Amino acid sequence: MNMQNSTEISCKSCTSELQKIRSTVKSACGEFGFDSEKTSAIVLAVDEACANVIRHSCAYSDSFKLDLNISREKNYGVFIVIDNCPPITEEQLCPKSDNPLQPGGLGLQLIHQVMDSVTLLPHNGSGNRLEMKIKI
Amino acid sequence: MQIIVDDFDRFKVVKLSGEVDLHNSRDVKKLLLGHLEELAHILVDFTELEYIDSSGMATLVEAFNLSKTKKLDFHIVGAKDAPLQVLKLTRLDSIFSLLESREQALD
Numbered sequence: 001m002n003m004q005n006s007t008e009i010s011c012k013s014c015t016s017e018l019q020k021i022r023s024t025v026k027s028a029c030g031e032f033g034f035d036s037e038k039t040s041a042i043v044l045a046v047d048e049a050c051a052n053v054i055r056h057s058c059a060y061s062d063s064f065k066l067d068l069n070i071s072r073e074k075n076y077g078v079f080i081v082i083d084n085c086p087p088i089t090e091e092q093l094c095p096k097s098d099n100p101l102q103p104g105g106l107g108l109q110l111i112h113q114v115m116d117s118v119t120l121l122p123h124n125g126s127g128n129r130l131e132m133k134i135k136i
Numbered sequence: 137m138q139i140i141v142d143d144f145d146r147f148k149v150v151k152l153s154g155e156v157d158l159h160n161s162r163d164v165k166k167l168l169l170g171h172l173e174e175l176a177h178i179l180v181d182f183t184e185l186e187y188i189d190s191s192g193m194a195t196l197v198e199a200f201n202l203s204k205t206k207k208l209d210f211h212i213v214g215a216k217d218a219p220l221q222v223l224k225l226t227r228l229d230s231i232f233s234l235l236e237s238r239e240q241a242l243d
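From first to last, the protein sequence lines are chains A and B.
According to the working numbering, the stretch in the first sequence is residues 1 to 136, in order.
According to the working numbering, the stretch in the second sequence is residues 137 to 243, in order.
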């Protein structure tokens, strides 16, 4: 994989696709030069983002599409998850309680902990675009 | 993901191998909660676990909370690498009982 260009994968909004997504992210992190600990964290964050799409945006329906675009932007690795599910806002996402034993919001918390910036925007009026950046 | 269940002293050992994610964490949940409902003390063996996501962690939290309600022991054994990293990121490493070996559960 040549990370001077972007890498894209497209799949159904289905939990069985998550393993393929993690494998793709892991390969990209190797190309970026991240160490194994950072790579594991990034794989987790992107997996959580895609799982959130499947669970919350698509409500476990596999009739939607999920695209992952990975690229390098100056000194940042950029991971963009695009879906064609009904648009959601950050306010709709459940914030994590300070108590680790309270359910809900754990995936979003992990994404914010790992990534340097996280931006959720509507995508072309018919989906969502989550952009995550992390310094290389 | 593969789940093997066996017995160790008074414990039911639930050994997880491979990757636990949104695709299969419900299987882990069903099994763990089922054993707790039968009043089994639980050891969750992570020694061959390569990956676990937040849905897997949420499953462990639910099982841990049920174990407290039922006054049962609940330990995690052999957490390392990526799964240990997730435990630390979620601060659950300070809440769960993390053991290096099954034998430590007998202390």
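Hints were generated in silico from the structure; no laboratory data involved.
A quick note: this is a predicted structure, and the numbers were derived from the prediction, not measured.
Take the hints with a grain of salt, since some may be wrong.
[Said to hold, decoys possible] Okay, derived cross-link-like pairs now, DSSO-like style, lysine-lysine, Cα gap no bigger than 30 Å in a straight line:
no.: 1; chain 1: A; residue 1: Lys38; chain 2: A; residue 2: Lys65
no.: 2; chain 1: B; residue 1: Lys207; chain 2: A; residue 2: Lys26
no.: 3; chain 1: B; residue 1: Lys151; chain 2: A; residue 2: Lys133
no.: 4; chain 1: A; residue 1: Lys20; chain 2: B; residue 2: Lys165
no.: 5; chain 1: A; residue 1: Lys20; chain 2: B; residue 2: Lys151
no.: 6; chain 1: A; residue 1: Lys20; chain 2: B; residue 2: Lys207
no.: 7; chain 1: B; residue 1: Lys206; chain 2: A; residue 2: Lys20
Legend entry - 30 Å limit on alpha-carbon distance, applied to hinted pair Lys151/B and Lys133/A: Not satisfied, since the Cα-Cα distance of roughly 35 Å exceeds 30 Å.
Inset, instruction - Measure nothing beyond the straight line between the CA atoms of Lys38/A and Lys65/A; if it is 30 Å or shorter, mark the hint as holding. - result: 28 Å, holds
Legend entry - Restraint check for Lys206/B with Lys20/A, where alpha carbons must lie at most 30 Å apart: Judged against 30 Å, a Cα distance of about 39 Å means the pair is violated.
Inset, instruction - Mind checking the alpha carbons of Lys20/A and Lys207/B for me, to see if they're no more than 30 Å apart? - result: Violated. Lys20/A to Lys207/B sits at ~40 Å, over the 30 Å cutoff.
Inset, instruction - Given the hint that Lys20/A pairs with Lys165/B, test it: the Cα-Cα distance must not exceed 30 Å. - result: Within the cut-off at roughly 23 Å; holds.
Inset, instruction - For the pair we were handed, Lys20/A and Lys151/B, check the Cα-Cα distance against 30 Å. - result: With a Cα-Cα distance of about 24 Å, the restraint between Lys20/A and Lys151/B holds, given a limit of 30 Å.
Inset, instruction - Would you mind confirming whether the straight-line C-alpha gap from Lys207/B to Lys26/A stays at or under 30 Å? - result: 41 Å, violated
The structure does not agree with the numbered hints 2, 3, 6, 7 stated previously, though it agrees with the rest.
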